[in-house]
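Q: Same order as they appear, the protein sequences are chains A and B. For the record, in the first sequence the residue sitting at position 107 is 107 according to my numbering, with numbers rising by one throughout. Convert by adding 204 to the 1-based position in the second sequence; the result is the number in my numbering.
Since the hints were derived computationally from the structure, they do not count as laboratory data. No experiment lies behind these values; they were computed from the predicted model shown. Not one of these hints is a red herring.
Quick list of in silico lysine to aspartate or glutamate cross-link-like pairs, EDC-like style, CA-CA up to 16 Å:
| no. | chain 1 | residue 1 | chain 2 | residue 2 |
| --- | --- | --- | --- | --- |
| 1 | B | K210 | A | D55 |
| 2 | B | K354 | B | D335 |
| 3 | B | K354 | B | E364 |
| 4 | A | K44 | A | E17 |
| 5 | B | K244 | B | D207 |
| 6 | B | K321 | B | E334 |
| 7 | B | K363 | B | D335 |
| 8 | A | K74 | A | D190 |
| 9 | B | K354 | B | E334 |
| 10 | B | K354 | A | D61 |
| 11 | B | K210 | A | D61 |
| 12 | B | K356 | A | D61 |
| 13 | A | K166 | A | D190 |
| 14 | A | K36 | A | D178 |
| 15 | B | K326 | B | D270 |
| 16 | B | K210 | A | D52 |
| 17 | B | K321 | B | D255 |
| 18 | A | K166 | B | D263 |
| 19 | A | K199 | A | E17 |
| 20 | A | K199 | A | D13 |
| 21 | A | K166 | B | D215 |
Single-letter residue listing:
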Amino acid sequence: MKDEFDLTPIQLDALREIGNIGAGNSATALSQIINKRIDMNVPKVAFIPIEDVPDLVGGADTVVAGIFLRVYGKAPSNILFLMPQHSAFYLVDTLMGRPRGTTQSLDSMDQSALMEIGNILSGAYLNAFFNFTHISMLPSIPALAIDFAGAILNVILVQLGQMGDKAMVIETEFLAEDEGINGHFFLVPDPGSLGTLIKAVGVE
Amino acid sequence: MADLIKVGMADYKVGRSPSTLISYGLGSCIGVSLYDPQTKIGGLLHIMLPDSTQARASDNPAKFADTGIPLMLNDVLALGAAKGRLVAKLAGGAQMFAFANATDIMRVGNRNAEAVKQILRKNGIRVIAEDTGGNYGRTVQIDLTNGAYKVKTIDRGEKEI
Chain A
1 MKDEFDLTPI QLDALREIGN IGAGNSATAL SQIINKRIDM NVPKVAFIPI EDVPDLVGGA
61 DTVVAGIFLR VYGKAPSNIL FLMPQHSAFY LVDTLMGRPR GTTQSLDSMD QSALMEIGNI
121 LSGAYLNAFF NFTHISMLPS IPALAIDFAG AILNVILVQL GQMGDKAMVI ETEFLAEDEG
181 INGHFFLVPD PGSLGTLIKA VGVE
Chain B
205 MADLIKVGMA DYKVGRSPST LISYGLGSCI GVSLYDPQTK IGGLLHIMLP DSTQARASDN
265 PAKFADTGIP LMLNDVLALG AAKGRLVAKL AGGAQMFAFA NATDIMRVGN RNAEAVKQIL
325 RKNGIRVIAE DTGGNYGRTV QIDLTNGAYK VKTIDRGEKE I
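Model the full assembly from the supplied sequences, consistent with the hints where possible.
A: Laid out in structure tokens, this is it:
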């Protein structure tokens, strides 16, 4: 079997650019909602052994809030937005107009606010993606969990694990101006979707 | 001080008393332990998927229940454990996100648990404790001085099985 992950530097650059545009759009959306400047890093596009993916967010036992969306369309993928628990609490405080530090656990209203953030970020990301690739990608409704990063990442890793030992991740890190909120946005194309994406950006 | 040996995803480790084997943040994955109470030799395996024959390609047998369990079994026997005395415990197999139209792959936790028990049975190893299912992650560890298997969660405390 041809290794799907055998990409040229130009193809990797193209994927990074896609990630950049998508994440830029998401960061703008988030920034407008919470009225804070959001910085983001240059997206990492990497093929890494599946078992190393949890290390990207501080290890498998880090407690995080994870918002998961399945992406349907020509290039089925998964989106996962992971935030350290304290970031998620601060974000909820900001959204609800409460003083920082108020939230200590999430009631159903808080959860729904976080899921809505997941919705907005993914929508912004995928929209930018569409403008670039003309591949329409439709997100499912979001699902939320607060748990070990390893356990949450499991959801996407098992799907990749069926096909091989490596994961292709397009990852961007967000950081709010006062450093109270940070998060990792992952776009993980299904095995097979990668070819479609590469073709769409015209660097086959 | 006793060793704390980390077992990664799709990996396994074997050892003897007084070591402790630990694996962090299992979701749908399963932590399978084997333990011989007399020699105090045991192992911990962190599998992701039930069946290697349904996978496209993999160079890592420890990722699957059907190939990982025999591998760990061989290693604990090589260390000096007796097969007749080995007992197994398992934890994990959650479904982290409940979707109305959950696909098969999202219910993999269940299938993992079933596969693990079936393969252990086929190898003649008794399962004496189990903590599987639910929608939450687990960190698991086995203390090889006494075979105690600890399961830690975020909202549901910690228990020993």
